[in-house]
Each structure stands twice: as C-alpha cells, then as structure tokens.
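Asker: Residue numbers (our numbering), protein chains in the order written: chain Y, 1 to 188; chain L, 1001 to 1171.
FYI, nobody ran anything at the bench for these hints, they're computed from the structure.
It is possible that some hints are incorrect.
[To be verified] Short derived list, chain L residues pointing at chain Y, Cβ under 10 Å:
#1 GLY1015
#2 PRO1019
#3 ALA1047
#4 LEU1068
#5 ALA1124
#6 ARG1125
[To be verified] Sample of chain L residues with no beta-carbon within 10 Å of chain Y, all distances over it, derived:
#7 SER1056
#8 ILE1063
#9 ASP1067
#10 THR1069
#11 LEU1091
#12 LEU1092
#13 ALA1110
#14 ILE1111
#15 ALA1112
#16 VAL1114
#17 LEU1153
The C-beta atom is built at its ideal place from N, Cα and C for all residues, glycine as well.
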Amino acid sequence: MLDEREAIRRCLAGDKDAFTVLVRQYQALILAICLRMTGSREDAADLAQQAFVKAYRRLGQYDPAQPFRPWLCRVATNECIAFLRRRRSGSRTTPAPIPDDIPSDEAHSPPALAELATDRAQVSQAVAELPLHYRTVVLLFYFQELSYQEIAAQTGLPPGTIATHLHRAKQLLRQKLTAAEVNPGVTS
Amino acid sequence: MSHPDAARLQAYLSGAADPVDSAIIEEHLTQCPGCADQLALLAADDAFLTHTLAMSSEEQAWIYSLDLTDSVQRQLAPRGVSGQALLIAALLLFAAGWLYGQITGLLGQAIAEVGPVGLTVQVARSLALGLWQLLVYILSGGLLPQLWPALALGAGLWLLRRHLKGVNRYA
C-alpha cells in the first residue's frame, strides 16, 4: 500500500492510478464537508467527486512541504462555495439583505442554542440556511475545526471579521431556532 | 473599561485575540458578571455547535456506503474525440481547402495579368478607397438607419447585464 507522500509523488509523475489511494483515504472527510456545506446528499456526492478531480489537476500547485489534508479540504470548500454561488445566481431570486445591525442580545440574557434546538437535523437545517459567508466560517470553525489563522488563510478574511461573522451567525441561528420554536415546522 | 462587544469576546474565547486585548478582557471579566455570563453563553454555544455539526450515525453510514474511486478515475481518464468533433473538423477542413483553391486561383490569375507589384498596389488602393467611402457614408448619416437597431440591441444587452449584476450582488 502506497503512503500519502509516495502517492502524491507518483501522481505528479503522471500516474493517475496512484490518486486512488488519496481518494480512498479522504473521501469520507470530503463527502462530509460537502454534505455540511450544501445540505444535500446528491450535491455532496457530485461536489466531492469534482473536488477530487480538481485536486488532481491542481496537484502541481500543492506544496509537498505542507500537510495534504488542509489543502484538499480547501479545494473541496472552494468547490462548494462556487457551486452555492452558481446555484444562487441561477435562481434569479434576490436574497434578503443581511442586516449589519442585527439586534444586540447583550441587554438581556438570551437562551443558549442548546435550549432552543429540538434535534440535530433542525440545527443543520438552520446552518444550511445561513448566508453563505456566515455558513462558510461556521463550518470551517465548528465542523472542520480550523483555527482563526487557518480560516483567514483560506478565506482571506481578517481574524476580527471571522469573530464578527461567528457571532452574527450565532445570533441568526438563535433567531431561526426561536422562530421555529414559536412556529414549529418553520426554520427561517 | 467599557464592556467588550460579543465579537471581541468571541475572538478572546477562540484564542484569536492579541495578548494585550486578552489581558484587558481577562481583567474586565473578573469585575463584570454580565460579561462573564455572556462569555459562558458563547462557550456553551461553541460546544453545542461543534457537537451538533458533527456527522450523525445515519449520515456516517451514508458517507461510508459510497466509493468515489471509480467515478473519479473515470473523469481523470483521457476522453476520446467525439463523432461530432470529427464532423466539425472535416467540414472546416473542406471549407479551408475550397477557400484556399479559390484564393490561389484568383491570385494566380491577377498576378498573371498585372504582376505581383501591380496587384499589391491595386489591393492597397482599393482598400484605402473603400475605407474612405465608408467613412464619408457614416459621417453623412447614410448608415444610421442600419446602426439604430444594432445600437438599441447593444444598449439593451448592456442594461440586462447590469440588472443581472445587481440581482447577484449578494453572490
């Protein structure tokens, strides 16, 4: 069995079969990322496949001195973001503007998200409905468990903006889950 | 100090605040139960989201039921030339051959009549005259009836593009 470095070296030398080792090793992770980003199994399977194909074609840009896993995750995340943008622009519907001044909940003690959510699927659905830039940061931080520095390197956002995005995303989730609690069956 | 806003607290909680800001916030938290409560809420939400966004056992079963190796390999395999591409190539080759025959035939005939230098002079003079006549025609308004529909179409397409850009502003 080839190890990861040897598989990458062989791929760079033009051996496509060696890429199977990398696909087998990382397909669960890449499928999971695509599933959380899109919320759809069908789209996730297509996007994971596309991400691997793109990774193979861009393997020349990968720096072998760096770990392969974060690079591959970045390719998959970018593939999902591009897909979600295409899908949104294709829908021809104007998304609701994102308020910059989401009402502050500092004046009173708001309930924790855990108190509002009834099950895991409801939270996943609410996250999937977040605006793309919030959703991306939430998934990179809570799901891929990247640090602020890693998220900044991947998205180009300064750390302060990442913190703001995380906070606003949580406020929006709180609003969505509260609305769902008041009106069961409605998450947005 | 004033109360740190939630984004600052979030950065502090995630270990992303700079050391100076971290020290200021830590000092503030010892004196402000409200901010300490808010930090506790943020931490609870962080733990909840990390736990909840992890894959459920059903999702994991779906993920591990898939094998992408064959489908990825199929996409990496070099694609053969399609029949449609061959047909287009054959048509283009035929058209290029026909055009080449026509041009060389005409050129050969012209060179035989006036010689290579004479032909060059004649072509240059015709081009210059043609351009001059076109310019005069446009300036005198002769082309306007034909230009209006083209201008209107161009403006319409430009406006449509601008509109679509506006619709996709949040993309």
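Asker: For the hint on LEU1068(L), does the least C-beta distance to chain Y fall short of 10 Å?
Answerer: holds (5 Å)
Asker: Does ARG1125(L) meet its interface restraint, that is, does its C-beta lie within less than 10 Å of any C-beta in chain Y?
Answerer: Since chain Y brings no Cβ nearer than about 53 Å to ARG1125(L), farther than 10 Å, the hint is violated.
Asker: Is the nearest CB of chain Y more than 10 Å from the CB of ALA1112(L)?
Answerer: With a cut-off of 10 Å, ALA1112(L) remains clear of chain Y, as the shortest Cβ separation is near 55 Å.
Asker: Minimum C-beta separation from ALA1110(L) to chain Y exceeding 10 Å: can you confirm that?
Answerer: holds (51 Å)
Asker: Quick one: work out the minimum CB distance from THR1069(L) to chain Y and report holds if it exceeds 10 Å, violated otherwise.
Answerer: THR1069(L) is in fact no farther than 10 Å from some Cβ atom of chain Y, at 5 Å.
Asker: Can we confirm that no CB of chain Y comes within 10 Å of the CB of ILE1063(L)?
Answerer: Violated, because the least Cβ-Cβ distance between ILE1063(L) and chain Y comes to about 5 Å, which does not exceed 10 Å.
Asker: Does LEU1091(L) clear chain Y by more than 10 Å, comparing its Cβ with all Cβ atoms of that chain?
Answerer: holds (31 Å)
Asker: Would you assess whether ILE1111(L), listed as outside the interface, keeps its beta-carbon beyond 10 Å of every beta-carbon in chain Y?
Answerer: holds (51 Å)
Asker: Should the label of ASP1067(L) as a non-interface residue stand, given a Cβ cut-off of 10 Å to chain Y?
Answerer: violated (7 Å)
Asker: For the hint on ALA1124(L), does the least C-beta distance to chain Y fall short of 10 Å?
Answerer: violated (49 Å)
Asker: For VAL1114(L), is the shortest CB-to-CB distance to chain Y above 10 Å, so the non-interface label stands?
Answerer: holds (56 Å)
Asker: Is the Cβ of LEU1092(L) farther than 10 Å from every Cβ of chain Y?
Answerer: holds (29 Å)
Violated hints, listed in ascending order, are 2, 5, 6, 7, 8, 9 and 10; each of the other numbered hints is respected by the structure.
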